[in-house]
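Asker: Chain order of the listed sequences is G and A.
Here our numbering is used: the first residue of the first sequence is 9, the next is one more, and so on.
Here our numbering is used: the first residue of the second sequence is 301, the next is one more, and so on.
No lab work stands behind these hints: they were computed from the structure.
Yeah, the Cβ is synthetic: ideal placement off N, Cα and C, and Gly gets one too.
Every clue listed holds true.
Which chain A residues face chain G? A few, computed with CB under 8 Å, are given here:
| id | residue |
| --- | --- |
| 1 | G924 |
| 2 | N925 |
| 3 | T926 |
| 4 | R927 |
| 5 | A930 |
| 6 | V931 |
| 7 | I934 |
With beta-carbon atoms standing in for the labels, derived distance ranges:
| id | chain 1 | residue 1 | chain 2 | residue 2 | range |
| --- | --- | --- | --- | --- | --- |
| 8 | A | N905 | G | L85 | 50 to 58 Å |
| 9 | A | N905 | G | V68 | 55 to 63 Å |
| 10 | A | L912 | G | A81 | 40 to 48 Å |
| 11 | A | I943 | G | I17 | 22 to 30 Å |
| 12 | G | I31 | A | I900 | 46 to 54 Å |
| 13 | A | I938 | G | L85 | 26 to 34 Å |
| 14 | A | L912 | G | G86 | 38 to 46 Å |
| 15 | A | A942 | G | A81 | 27 to 35 Å |
A few chain G positions that, by computed beta-carbon distances, are all more than 12 Å from chain A:
| id | residue |
| --- | --- |
| 16 | I10 |
| 17 | T12 |
| 18 | L18 |
| 19 | V21 |
| 20 | L22 |
| 21 | F54 |
| 22 | S58 |
| 23 | G66 |
| 24 | F69 |
| 25 | V76 |
| 26 | A78 |
| 27 | A82 |
| 28 | L85 |
| 29 | G86 |
| 30 | Q96 |
Okay, here's what each chain looks like letter by letter:
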Amino acid sequence: MIPTHYYLILSAVLFGLGVIAFIFRRNIITIFMSIELMLNAVNLAFVAFSQAWNRLDGQVFVLFVIVVAAAEAAVGLGIIILIQRNRQSLNVERVDLLKL
Amino acid sequence: MPILDNLWIIPLLPLLGSAINGLLGAKWPNKIVNYVAIGSTGLSFACAIEAVREFSQLSPEQIPFVKQFFTWIAAGTFRAGFDLQVDQLTVVMLLVVTGVGWLIHIYSLGYMAHEGGYYRFFSYLNLFMFFMLILVLAANYALLFVGWEGVGLCSYLLIGFYFLRKSATDAGKKAFIVNRIGDFGFMLGMFLLFKTFGTLDFVPLFAKAAPMPADAMGQYGALTVTCLLLFVGATGKSAQLPLYVWLPDAMEGPTPVSALIHAATMVTAGVYVVARSHVLFMRAPSAMLVVAIIGCATALFAATIGLVQTDIKKVLAYSTVSQLGYMFLACGVGAFSAGVFHLMTHAFFKALLFLAAGSVIHAMGGEQDMLKMGGLSKKIKWTYLTMLTATLAIAGFPPLAGFFSKDSILLNAFQSENGGRVLYAIGLFTALLTSFYMFRLIFLTFFGKQNYDEHHVHVHESPKTMLVPLTILAVLSIVGGWLAAPAFWGQPDYFARFLEPVFAQGSTGEAGAAEAAAHALETPLAIVAVLTATLGLGIAYWLYIRKPEKPGELARSMKGPYATLLNKYYVDELYAAVVVKPLLWLSTKVLWQTVDVQMIDGAVNGVAHGALGVGDNVRQAQSGNTRSYAVWVIIGAIVVIAIIFFWPSKPAAIGMVR
Chain G
9 MIPTHYYLIL SAVLFGLGVI AFIFRRNIIT IFMSIELMLN AVNLAFVAFS
59 QAWNRLDGQV FVLFVIVVAA AEAAVGLGII ILIQRNRQSL NVERVDLLKL
Chain A
301 MPILDNLWII PLLPLLGSAI NGLLGAKWPN KIVNYVAIGS TGLSFACAIE
351 AVREFSQLSP EQIPFVKQFF TWIAAGTFRA GFDLQVDQLT VVMLLVVTGV
401 GWLIHIYSLG YMAHEGGYYR FFSYLNLFMF FMLILVLAAN YALLFVGWEG
451 VGLCSYLLIG FYFLRKSATD AGKKAFIVNR IGDFGFMLGM FLLFKTFGTL
501 DFVPLFAKAA PMPADAMGQY GALTVTCLLL FVGATGKSAQ LPLYVWLPDA
551 MEGPTPVSAL IHAATMVTAG VYVVARSHVL FMRAPSAMLV VAIIGCATAL
601 FAATIGLVQT DIKKVLAYST VSQLGYMFLA CGVGAFSAGV FHLMTHAFFK
651 ALLFLAAGSV IHAMGGEQDM LKMGGLSKKI KWTYLTMLTA TLAIAGFPPL
701 AGFFSKDSIL LNAFQSENGG RVLYAIGLFT ALLTSFYMFR LIFLTFFGKQ
751 NYDEHHVHVH ESPKTMLVPL TILAVLSIVG GWLAAPAFWG QPDYFARFLE
801 PVFAQGSTGE AGAAEAAAHA LETPLAIVAV LTATLGLGIA YWLYIRKPEK
851 PGELARSMKG PYATLLNKYY VDELYAAVVV KPLLWLSTKV LWQTVDVQMI
901 DGAVNGVAHG ALGVGDNVRQ AQSGNTRSYA VWVIIGAIVV IAIIFFWPSK
951 PAAIGMVR
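This is chain G alone, in the form it adopts within the complex (with noise of 0.2 Å):
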């Protein structure tokens, strides 16, 4: 059986991943994709924990997070859509209207 830091230390590079492609990105749908990893890696995480102390609490968490994430697609990509068609851009830095 593959030890439960293995499944951690995973989790934990690909959380590192998306956040550094979160800072560095300047695509909104890279970014959008980072986030989506970082989410990905936690359920990594949380379902480690679920085999290593044989508790189903974590299976749960994985699945409320994954019907989170799905709602945030849905959203997200709908206000990309309307960034993209207002701005014919995708850049990130060009997203700063909430600066007075």
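Chain A: place on chain G using the hints.
Answerer: Showing chain A alone in chain G's frame:
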């Protein structure tokens, strides 16, 4: 007793007139304003007469007649009500105020006919009547103070009536501010009265004070201090030394105002208060002495200034100050009824003098300098005759009003124990000066060669509305004094007899023996007084009719004294240097430019600038760049996790994580 039971109606009528004219009169033609103003004061006068008739039917036990209408202030044991009171003193004041006031209202119809702000003038004038009536009818010091302040307000408004003229608004402010000083003393006096006696209502207060002997609370005790403080208020309102400076400047107001407020009624309020408080004053001989000395000094001081003034109204203003000094002299020597008697006769002849002077000014098209008049006696004959009557009255020629009242004061001063002879001598000398400067006014104005250009000034007699009040006042100036005439043939003096119930309460039980001696002195003193007045007339005649070049020579030969008098002893300059300038400096340099601008504004602006600076810096964080926000979120998350895991004392939050 329909009116006595509804006394409030007497002051309320003018208030109503004032409100109607003030609120609605702006668009009305003068005629309607007239009806309202004259009607309300006339009705008030009629009510006052009816009230006096009803009052005369009261039995002595019912006097003073006090009527309580409602409680105005109640706090702890203190109660000040809207209570009105009628006794003999009130009757005199009531008739003088409403009667003379009404006549002056009628006169104003003619005088103000061509002025702007017609409705405003009458609204203020009616408001003044209201406050003055409150003042004389009040049954306690608190309500009296309401009237006291109210007349001060109206005085301010009316002095500054021609508000486009800076000198007028300045004079108004001066009057108001100088009066504040006096009013401060008056208020302190009231507080001390309440502390000492526990009430401000006249009847119980005087009942408590009456059994006390003189100097009951020590020579410099509470009573003396109270009286002096009340007198400080009186010096402000009645223009006595050292607070008289506002009255001459108050002549900036329209002439009817000078007649009504600054000669006949308001300025006598101080005398009224002293007479009203006679019970207290009689028990504070030191305060009485101060009153007598201040009154006497003011009488002389103002008369000397009056000698050289060339503005016709200024002469009358200083004359008023001087005559008010006489009234205080009378009060100070304990002759309150003589003081009030002079108050009444003075109201007649001084109002007449001012109104006649107004008629002269009217005829001259606004000219007030006597040196630019001359020879008017034939052109405005009726004005001349009435003014001559008033002059004879104020100079003290028998049988006119001023003779009796002034004689009564001088007699009482002569007999008083407080250095009476000196006071008498000064009073007599002042009478000489009075006679001189009044006839100087007459000769300069009505006789001699005419000093104006006939092509520019169209001299004309005033309309009937002005002449009728003049005539009535002239008659009053003649007969007004006869009330006291019987004293000369040993009969009771009607006026003093009438006021006796009021002033008897004040006596400390020493009079009586002096009474007999008084009658023996009456005639010799009167002869001396008449001779003095004649001497004044003679000097004025010699200087201004026989040798018209002489006054100029005299002025040149006595340059120093003349300049001093002409500049009113430099009192205004002195006050400016000692009080006004330092105060202005303190206000501008310290309070305004340092405390306000630098400290208070500085603190407020500093806080604002600080907030602005902080905001400017913090706002850099809100770049609008999504990724920078993300970095902040991550840094925050890292910090939180670090705290949870590495905080040495293990905060409680960890329990939730496990």
